[in-house]
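Taking the hints into account, I'd like the entire structure generated from these sequences.
Protein chains in written order, with the numbering used here: chain A, 2 to 271; chain B, 3 to 252.
Since the hints were made in silico from the structure, they are not lab data. Positions of the beta carbon are idealized from the N, C-alpha and C atoms, including for glycine. Warning: the hint list may mix true and false statements.
Label-pair distances were calculated between CB atoms; the ranges are [to be verified]:
| id | chain 1 | residue 1 | chain 2 | residue 2 | range |
| --- | --- | --- | --- | --- | --- |
| 1 | A | R179 | B | A194 | 51 to 61 Å |
| 2 | A | K193 | B | W61 | 41 to 51 Å |
| 3 | A | T91 | B | A194 | 49 to 59 Å |
| 4 | B | W110 | A | A25 | 44 to 54 Å |
| 5 | B | V58 | A | A50 | 35 to 45 Å |
| 6 | B | G153 | A | E173 | 49 to 59 Å |
| 7 | B | V231 | A | K193 | 25 to 35 Å |
| 8 | A | W259 | B | D106 | 47 to 57 Å |
| 9 | A | V95 | B | R235 | 35 to 45 Å |
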Amino acid sequence: MTSSTQNTSSAAWLARVTPVAIMATLVAMAVSIPLTHAFAAPGDPGVIATLLRWTPVIATGFGLNLIMSFVAVILGTASGALLGIAQISTIGWVRKSAFLFTEFFRNAPTLVLLFFCMFLLPFEITIGDTTIPFPPWMKAVVGLALSKMAYVSEIVRGGLQSIPSTQWEAAEALGFSRWDTLWRIIIPQCVKRMLPPWMNTYAILIMSTPLASVLGVHEGLTMTRGAISAEGRPEMLAPFYLYLLAMFFIYTYPISLWTIRLERRYAVQG
Amino acid sequence: MWLAIEEWFRWLYDAAGINLTIFYDEYDRSRFLRGVRLTFELSLACIVASVIIGLVGAWLQGSRFRVTNALVRGYVALFRNTPPIVQLFFFFFVLGGIFTFQTDSGTWRLSNFAWAIISLSFYYGSFNIEIFRASVEAVPRATVQAAEALGYTRLKAYIYVVLPLAFRFSIPSLGNNLVSLVKATSLAYAIAVPEVLYVSAEIWSDQLNVPEMMWTLLIFYVGIVGLMVYGLRKLERRLEIPGYSIGRAG
Numbered sequence: 002m003t004s005s006t007q008n009t010s011s012a013a014w015l016a017r018v019t020p021v022a023i024m025a026t027l028v029a030m031a032v033s034i035p036l037t038h039a040f041a042a043p044g045d046p047g048v049i050a051t052l053l054r055w056t057p058v059i060a061t062g063f064g065l066n067l068i069m070s071f072v073a074v075i076l077g078t079a080s081g082a083l084l085g086i087a088q089i090s091t092i093g094w095v096r097k098s099a100f101l102f103t104e105f106f107r108n109a110p111t112l113v114l115l116f117f118c119m120f121l122l123p124f125e126i127t128i129g130d131t132t133i134p135f136p137p138w139m140k141a142v143v144g145l146a147l148s149k150m151a152y153v154s155e156i157v158r159g160g161l162q163s164i165p166s167t168q169w170e171a172a173e174a175l176g177f178s179r180w181d182t183l184w185r186i187i188i189p190q191c192v193k194r195m196l197p198p199w200m201n202t203y204a205i206l207i208m209s210t211p212l213a214s215v216l217g218v219h220e221g222l223t224m225t226r227g228a229i230s231a232e233g234r235p236e237m238l239a240p241f242y243l244y245l246l247a248m249f250f251i252y253t254y255p256i257s258l259w260t261i262r263l264e265r266r267y268a269v270q271g
Numbered sequence: 003m004w005l006a007i008e009e010w011f012r013w014l015y016d017a018a019g020i021n022l023t024i025f026y027d028e029y030d031r032s033r034f035l036r037g038v039r040l041t042f043e044l045s046l047a048c049i050v051a052s053v054i055i056g057l058v059g060a061w062l063q064g065s066r067f068r069v070t071n072a073l074v075r076g077y078v079a080l081f082r083n084t085p086p087i088v089q090l091f092f093f094f095f096v097l098g099g100i101f102t103f104q105t106d107s108g109t110w111r112l113s114n115f116a117w118a119i120i121s122l123s124f125y126y127g128s129f130n131i132e133i134f135r136a137s138v139e140a141v142p143r144a145t146v147q148a149a150e151a152l153g154y155t156r157l158k159a160y161i162y163v164v165l166p167l168a169f170r171f172s173i174p175s176l177g178n179n180l181v182s183l184v185k186a187t188s189l190a191y192a193i194a195v196p197e198v199l200y201v202s203a204e205i206w207s208d209q210l211n212v213p214e215m216m217w218t219l220l221i222f223y224v225g226i227v228g229l230m231v232y233g234l235r236k237l238e239r240r241l242e243i244p245g246y247s248i249g250r251a252g
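What follows is the structure, encoded as structure tokens:
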């Protein structure tokens, strides 16, 4: 028993460390290979020096990725939660239109939604006398939020429906209104269950923020490509892309480990 | 019949200003249809390749060797936690630059279409590995023990009992992942693969009919993905086993 427990824990440790080790090896290889590369001219600065020089630029771009993901996750969660609750409404047309709305945005590719928002949203909004500018990155946020909204709507619907219907009946018998039942009895129970899938969709969301680069938003990928063309050294291609991949990995990997832990903790024993 | 449709869309443009050139302009129609075909080809190739990667990966992960297990887990963690579009660029620009060969007839390299297949298959394959592994684990131990008690060898029990059940358990999440994959083929736009998004962008830059093409694209994707989801649900219901509701959880 003891040895098997030890086995699984050491396997788990190995599994947790391997991706980090592979990433580190890749970055190290990318950094060392160009040193002996045929392209490298004698006068060029080293790979690490070049990456360090461009770090402020790329990190600023990556910061925009993070900001976009934060704003989109707030907008998407708020609208998605409402839509998910509407999906279990007792009013027929509310339920059906919420379902169609969710299905439509769930079936549309995020990149197409981004194009849609980029071309069809105005570049500024005028309310009365005030004009609010609507920069491209905000438009991209709207596109990302729409796709997040559809995922959240499905998570909320699934979560709410996972509570046995007898609880609704019991609450009704105790004189709770439908809203009170939802708000005080059903939602507190399913928030825990909805947390891991919600975190999974956040990971998907942060992964789709660099799509905005296709539309010219100055986020991490755009900045990296800019740095690559400014350097104009073919041997720097791999280091730059790996550098950006590493930034995303370092940010997202802890989130997914945490999600797996929560999933295990809240798993229904069957 | 077709001429009448063409006439109607011409009339629509004159009367309402809705310019759907793909219905009456021969050139636009043919390039749009080529884009649609390429999207289908890309989807099909990626589905097959990613399922193969998933099966091989799940098999390697279940093996006794701790090194292969750790390597597969490393691959899954790396691909799942980095953006697919950056992976696509890495594959196409970096590896695409390395994998070139000089032949007598000039430089040989993989096309952008091939790199799109490779990159997307590796990304979505990493999800398939987890899905197949979880499905095999979801087969109740008692079922396997019952098979062994009936005289099945380990291998035969695996082939005749575990895999058919695991396949059924995997359908909902596998289906979801393959749906995401079909949607993600639009990423190939970024490396200029002329799939449906790319040709639509060409058409709207030539004809200046952005809203019309945008809606066409959205309806196209929502339509094919909707059909796929519908087909998967039917399959799931057909293959459902009474008493095994694991596949329907969540």
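Evaluation of the provided hints:
The hinted window of 51 to 61 Å between R179(A) and A194(B) holds, with their beta carbons roughly 53 Å apart. In this structure the supplied range 41 to 51 Å is violated for K193(A) paired with W61(B), their Cβ-Cβ distance being about 34 Å. A hinted range of 49 to 59 Å for the beta carbons of T91(A) and A194(B) is consistent with their spacing of about 50 Å. Between W110(B) and A25(A) the CB atoms are about 33 Å apart, so this pair departs from the stated range of 44 to 54 Å.
Between V58(B) and A50(A) the beta carbons are some 41 Å apart, a value that agrees with the proposed interval 35 to 45 Å. Checked against the hint of 49 to 59 Å, the C-beta distance between G153(B) and E173(A) comes to roughly 54 Å, which is consistent with it. Distance hint check for V231(B) and K193(A): the Cβ-Cβ separation is about 28 Å, which falls inside the suggested range of 25 to 35 Å. For the pair W259(A) and D106(B), the supplied restraint of 47 to 57 Å holds, since their beta-carbon distance comes to about 55 Å.
Roughly 23 Å separates the CB atoms of V95(A) and R235(B), a value that falls outside the hinted 35 to 45 Å.
Comparing the model with each earlier hint shows violations of hints 2, 4, 9; every other hint is respected.
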